[in-house]
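Line order of the protein sequences matches chains F and E.
Mapping of the first sequence onto numbering that gives the first Met the number 0: position 277 corresponds to residue 276, and the numbering continues sequentially without gaps.
Mapping of the second sequence onto numbering that gives the first Met the number 0: position 2 corresponds to residue 1, and the numbering continues sequentially without gaps.
No false leads were mixed into what you were given.
Identical chains share a label here; the pair holds if one copy fits it or two copies do between them.
With a cut-off of at most 30 Å between alpha-carbon atoms, the simulated DSS-like pairs for lysine-lysine come out as follows:
hint: 1; residue 1: Lys-265; residue 2: Lys-11
hint: 2; residue 1: Lys-164; residue 2: Lys-205
hint: 3; residue 1: Lys-309; residue 2: Lys-78
hint: 4; residue 1: Lys-39; residue 2: Lys-109
Hint data in this document are derived by calculation from the structure and do not stem from the laboratory.
Protein chains: 2
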Amino acid sequence: MTANRQWIYARKPEGEVGPDNFELRETPVPDAGPGQVLVKTTLLSLDPASRAWMQGATYRSQLHPGDVMAGWGTGQVVKSNAKNLSPGDVVSGETGWQEYSAMPAHALVKHDKKHKPEHLLSALGIVGLTAYFGMLDVGRPRPGETVLVSGAAGAVGSLAGQIAKLMGCRVVGTTRGTDKCKWIVDELGFDAAVDYQNENLDKALKAACPNGLDVYFDNTGGQVLEAALRRMNVFGRVACCGVVSQYNTSTPLPGPFGVPGFLVTKRIRMEGFVVMDFYNRRAQAEAALARWLDEGKIKAAVDVVEGFEKMPSALAGMFAGKNRGKLMVRV
Amino acid sequence: MTANRQWIYARKPEGEVGPDNFELRETPVPDAGPGQVLVKTTLLSLDPASRAWMQGATYRSQLHPGDVMAGWGTGQVVKSNAKNLSPGDVVSGETGWQEYSAMPAHALVKHDKKHKPEHLLSALGIVGLTAYFGMLDVGRPRPGETVLVSGAAGAVGSLAGQIAKLMGCRVVGTTRGTDKCKWIVDELGFDAAVDYQNENLDKALKAACPNGLDVYFDNTGGQVLEAALRRMNVFGRVACCGVVSQYNTSTPLPGPFGVPGFLVTKRIRMEGFVVMDFYNRRAQAEAALARWLDEGKIKAAVDVVEGFEKMPSALAGMFAGKNRGKLMVRV
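So here's chain F without its partners, still in its complex pose (with noise of 0.2 Å):
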């Protein structure tokens, strides 16, 4: 058998990640243990976490130096020790950044073969639970209401935005660019996309959500949740997804203006929320998604790089707003 590839998180970033955090390592390829299966990766996910991750603890405990870089995969299983799986599955879980993963079996999902291995990692994988969750359970947009998604051309914001739409919303996203802006609209259905870079975020808001907003599913944090505060409806929601602004750095700004004060004055809640806290409804989300991306009613946008050298650019890539859909590498 061959060597086993590993990107290992080398050194702390100070400000932006990059290609100089990390160094490729080739080690033996481990043995599966009591219990486990020896997973061999096909496709390795890109997460904006990835760089919380290396700053401090957040939902997990903090990367080290010298580890092997933190992140999901697919793959298959090639050898088995545990009943319940057998090589040829196909599995997810934190492989990390790696060709070959020895892990237990009770930390990989297996997957049904019918679906594309693509689609585990975006729709029918975190993101789209992420998107599913937030929107539904946090956000909790009715009929009629108008919902902004910021990031929404990323892995998440791009199916958030997709089952807000299913809800009857009239749906409005932040990205970067004329072409991304485009994309969201002609491609994913959106009704309006704000370039957050390029535009006057409060006039472009007010334009593109004539009646306020009553639901925010927050990306990014910074001056896109500002704006969105100042432009909610009295009993507005904020779901908290992410802070992908704040990530890229080592030197996070203040909070917004208008927290808590937009809170109280609008009755706003704001909620955090990790997807791992709705595990326990996991079958049914992600029996939904499969219906309706069998359906055509979401589209999975997926970027894909190919080739696990890349891991480094394609992450410093994605800080960089350079994937449409959720970006993932095959191995």
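Assemble the complex: chain F is given as a structure, and chain E must be docked to it using the hints.
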């Protein structure tokens, strides 16, 4: 009949509010129109939100110079053109800062005469309802949890903390100065007090909340909110009741660090509320508060200033942190 003295909101505050912003005026006592009653004010409430009403639109429309200063009061009906109210009835409502007001009957609440008038503006009035609904419906403490209340020696905070004690929680309050810290512990039964001006907030909160913080009832915003978010446990709740740290200024500070970052990683819910939104359940809450008062389970701390002419200086004194419990003026 004597003249009607009124305090007029005369000039918008630049910075802190004080006697300069008001003018005393004498006008004829108004007559009660059809469906109206004439109320002779006996006690007038002073509220932190008064300052916000001068600054801009909140949950109510902005006050403009020349208006009778807005405010809540209790008094006696002296003339009635309404079926459901008679002379001698004890009522409360938004009388404004004046000795007499002609008001539509539907805008007044009629009280059982068995209650102490001071209680009608404290535990049995808006501040009691605010503490009740904000703590129980927004904060939702569970027995054994740790609850922090800012402005704990104030009108709402002193009651919110006592209600959390009834729920079986460890209750910590923030206030200013050793005397008030001692008072909320010795007199109101808080488990611990933190002097936010003279102690290191992070250290003091760590000592006072050894198991972290589950609910924060926020009357202040500002640095206490920021420190509370740092100390908060996973699935913590922040009931946003007011922002007294920011009312008495024309240049509010940015929001707290940790919004929305901590909200995501710790799955915190921050939710603003205004007591009027719960008025459909007013009777239920008033009955509970009256029973707790009768049984000695809560104390209605009141701070009564004698004399209508002292309204503006009493308001300024409240922002200087002089009052203990609910501040009101006997007319």
